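Based on these hints, arrange chain B on the given structure of chain A.
Protein chains in written order, with the working numbering: chain A, 1 to 449; chain B, 1 to 449.
Mixed in with the good hints there might be a few duds.
[What the hints assert, rightly or not] From the derived model, a few chain A residues whose C-beta atoms are all more than 10 angstroms from chain B:
(1) Met18
(2) Glu84
(3) Ile103
(4) Lys144
(5) Thr171
(6) Phe172
(7) Thr366
(8) Ile375
(9) Thr402
(10) Tyr418
(11) Asp419
(12) Ile427
(13) Ser430
(14) Thr435
[To be verified] Restraint ranges, calculated between C-beta atoms of paired labels, are given here:
(15) Arg79/B / Lys277/A: 37 to 43 angstroms
(16) Glu67/B / Thr35/A: 28 to 34 angstroms
(17) Thr282/B / Cys45/A: 46 to 52 angstroms
(18) Met213/B / Asn428/A: 52 to 58 angstroms
(19) Ala423/B / Lys21/A: 50 to 56 angstroms
(20) Met213/B / Asn425/A: 32 to 38 angstroms
(21) Asp348/A / Gln10/B: 36 to 42 angstroms
Everything labelled a hint here was simulated from the structure, so no lab data went into it.
Bear in mind the structure is a predicted one, so any value in this text is a computation, not a measurement.
Note that CB positions come from ideal geometry on N, CA and C, so glycine has one too.
Listed below are the residues making up each chain.
2 protein chains.
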Amino acid sequence: MLPESEIPTQWYNIQADMPNKPVPMLNPKTKEPVTPEDLYMLFSCEASEQELNMTDSWIDIPEPVREMYANYRCTPLVRAYGLEEALGTPAHIYFKNESVSPIGSHKLNSALPQAYYCKQEGITNVTTETGAGQWGAALSYAAKVFGLEAAVYQVKVSYEQKPYRRSIMQTFGAQVTPSPSMSTRAGKDILTLYPNHQGSLGTAISEAVELAMMTPNCKYTLGSVLSHVTLHQTVIGLEAEKQMELAGEYPDVVVACFGGGSNFGGLAFPFMRHNIKDGKTTRFVAAEPASCPKLTRGEFCYDYGDESGYTPLIPMFTLGHNFRPANIHAGGLRYHGAGLVASQLLKDGLMEAVDIEQIESFEAGTLFAASEGIIPAPESCHAIAATIREAKKCIETGEQKTILFCLSGHGLIDMAAYDQYLAGNLINNSISDETIASNIKELKDSLNG
Amino acid sequence: MLPESEIPTQWYNIQADMPNKPVPMLNPKTKEPVTPEDLYMLFSCEASEQELNMTDSWIDIPEPVREMYANYRCTPLVRAYGLEEALGTPAHIYFKNESVSPIGSHKLNSALPQAYYCKQEGITNVTTETGAGQWGAALSYAAKVFGLEAAVYQVKVSYEQKPYRRSIMQTFGAQVTPSPSMSTRAGKDILTLYPNHQGSLGTAISEAVELAMMTPNCKYTLGSVLSHVTLHQTVIGLEAEKQMELAGEYPDVVVACFGGGSNFGGLAFPFMRHNIKDGKTTRFVAAEPASCPKLTRGEFCYDYGDESGYTPLIPMFTLGHNFRPANIHAGGLRYHGAGLVASQLLKDGLMEAVDIEQIESFEAGTLFAASEGIIPAPESCHAIAATIREAKKCIETGEQKTILFCLSGHGLIDMAAYDQYLAGNLINNSISDETIASNIKELKDSLNG
Chain A
1 MLPESEIPTQ WYNIQADMPN KPVPMLNPKT KEPVTPEDLY MLFSCEASEQ ELNMTDSWID
61 IPEPVREMYA NYRCTPLVRA YGLEEALGTP AHIYFKNESV SPIGSHKLNS ALPQAYYCKQ
121 EGITNVTTET GAGQWGAALS YAAKVFGLEA AVYQVKVSYE QKPYRRSIMQ TFGAQVTPSP
181 SMSTRAGKDI LTLYPNHQGS LGTAISEAVE LAMMTPNCKY TLGSVLSHVT LHQTVIGLEA
241 EKQMELAGEY PDVVVACFGG GSNFGGLAFP FMRHNIKDGK TTRFVAAEPA SCPKLTRGEF
301 CYDYGDESGY TPLIPMFTLG HNFRPANIHA GGLRYHGAGL VASQLLKDGL MEAVDIEQIE
361 SFEAGTLFAA SEGIIPAPES CHAIAATIRE AKKCIETGEQ KTILFCLSGH GLIDMAAYDQ
421 YLAGNLINNS ISDETIASNI KELKDSLNG
Chain B
1 MLPESEIPTQ WYNIQADMPN KPVPMLNPKT KEPVTPEDLY MLFSCEASEQ ELNMTDSWID
61 IPEPVREMYA NYRCTPLVRA YGLEEALGTP AHIYFKNESV SPIGSHKLNS ALPQAYYCKQ
121 EGITNVTTET GAGQWGAALS YAAKVFGLEA AVYQVKVSYE QKPYRRSIMQ TFGAQVTPSP
181 SMSTRAGKDI LTLYPNHQGS LGTAISEAVE LAMMTPNCKY TLGSVLSHVT LHQTVIGLEA
241 EKQMELAGEY PDVVVACFGG GSNFGGLAFP FMRHNIKDGK TTRFVAAEPA SCPKLTRGEF
301 CYDYGDESGY TPLIPMFTLG HNFRPANIHA GGLRYHGAGL VASQLLKDGL MEAVDIEQIE
361 SFEAGTLFAA SEGIIPAPES CHAIAATIRE AKKCIETGEQ KTILFCLSGH GLIDMAAYDQ
421 YLAGNLINNS ISDETIASNI KELKDSLNG
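So here's chain A without its partners, still in its complex pose:
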């Protein structure tokens, strides 16, 4: 535990320090690199400028945001003695516990500044998408804090699987719509083509972006993928760095689950700067679901961030924006692409990725729950599974490695998924090479067409 006074005063912007800068996003109309002005249509000016800031390693956290952080930060860094013992591993396993935030996950770290900047710039309404609902709950709360109205498009399958998260958003006063919906052109088009579409983050983003563009004084906010979101999440890693120092350790391996990359980058990038600058050799492992394996099996190319093609073209590892992921319970990981920073870092060998089957993830989550007393979110279960793989390697080699992972959220609202796992009713959903290849081909055809 760190005292409140140790909450970081600045976020860490890895874009300033990357050996190879990310390939620029393109304006989808002009195919020119996007400018801050291109982004102002979507985001607050401050967020837009952070997005494209390639020069400042450190960016000040506004004091009102830091005050709200103090309601739940610094979050605990915990040595997972119980898990180590259950595995019989010589590894030292630590986790950064972001589940103690009032909404139960790391998402609030970016919702607060995004809502704050909108308020500062005179915006009255914000829109967003959400999968499992962690981000939607965070944004709904942050909007309430800073006096904004929030409209959230929730991926339909999650809206139905996790009704409590919808209630949480509504309790914070947000308007919640299952996506795809008939309330936007994007939603209508998708439902016309696929009447039983279960929704995806890509579709929900299209709807939220469209609503923001059509509504006066309204901006769109995003829960992951983009650089400014990951920037805000670096409070996780910056605190963890100080806490590991207090524990007298430095991580050999840093692990986090990977949907759009914000909790991964939030934990990893502050440590990665020491690989880049100080010759450290920590490994950084992103854990993605086997059903949505953009890092391990996707292609690095330009793609849209959303299904309807409203966003800039983003250079990233992707399965194609038309990819329809299986209905796994880790709704926050059902996204077709990776953020452009993480994509560049993966390309440059500064990080690695593994894919985890759904059943392995719940095996890991259940073992963690029984040994540490915290029921992890299905997303976080992927990080735990990857951590367990690393810890088991240490049993074989006898090495006493220090492994640090991010417990991005708790799973108390995902118990239906655990029920299915305990009853033996969960399935794996890895996809075939043919499906991936045909999606990528469809993507390339659509971009060239």
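For chain B alone, kept in the frame of chain A given last:
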């Protein structure tokens, strides 16, 4: 926030300092005051001795328990600036946030030592009852930590209202049975009389006690009511005392919800010792549901702790052990009696009580959620409602009182209740004087018969 090193090393036993000692519990067969030996049948020896300890103000916390406390303690003390502003009150409102424990409530504070003592004494199995499931989840986890098998009887209405808590207990490896069940004589008897019995804590206690008495090497554990449970909860108030001191304040009013009294006593008793010993004049307010008003409208007399009469006779404010409370969402407050210490303190004017209607409790909880970002458990909503009443009095009088309440748990698994509230479908369930009078008469007839 306090550092780990400030976790108390001893619990505070108010029984040693009460101006009038509690009236003794009676052995139901002999009608003589119970001895530690009478209790050994039910509880671990250590817990039994703590229960009857009237002489030691301070009792050491075993080091393995303190180590497990360190996974989530010290819990935060938070100034509720958002709530103060929403109310426009000059009062300073603080809350002790017990919802950050891994299972989401204060219950773990007593589950850990109870399971630890059982383990130390060679016990292999524990049983218990649970209402909303907060205690059952805590005990299931604590049993797992110390290598015990747990069997939990959950009140049927809560088992059905809150299936996620059942899943949580099962994820920790516990066996969960809805009560009343056909697995015990007590359950069968009740179902024969009332085939549609919705369950109550009193009934579930009967079943858990019976199973413990019938099973070799098995003890019963309890989540509230008894003195040793409240003793373990005093870590809440002892930490809060130090934290208030750091904030430069001392509470004028201390508020907590009241089911059996353990979170109330846990927060209140450490402060109450300064009323008893140092001339402080803090007011202590217990908030109970209008549907189960034993403190405000019950009678002080001997009664059983359970529906079937297996427990000792406890001198307490009670509505009668046959009382069947309405199906309010605050399952943890659906108990017919108050602990014997709190009952004596209420009788002696050292504390007060208010009753809160269900709708007022959710109004308060929703306002708190929107202003502080934490969705409170339905039980905790009662404490918030009572706090708001006090804070509103300060608006009228202009007094800048300092109010401290216990946020005993979060409500993330109780969102169905918030849904009903937001949809306008919740009802109040206060009961008539006639119902109370007839229950008390039934109680007295049964005890005399």
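| request: Kindly indicate which numbered hints from before are broken by the structure, ordering the numbers from low to high. | output: As far as the earlier hints go, 3, 4, 5, 6, 7, 8, 10, 11, 16, 18, 21 are violated by this structure, in ascending order.
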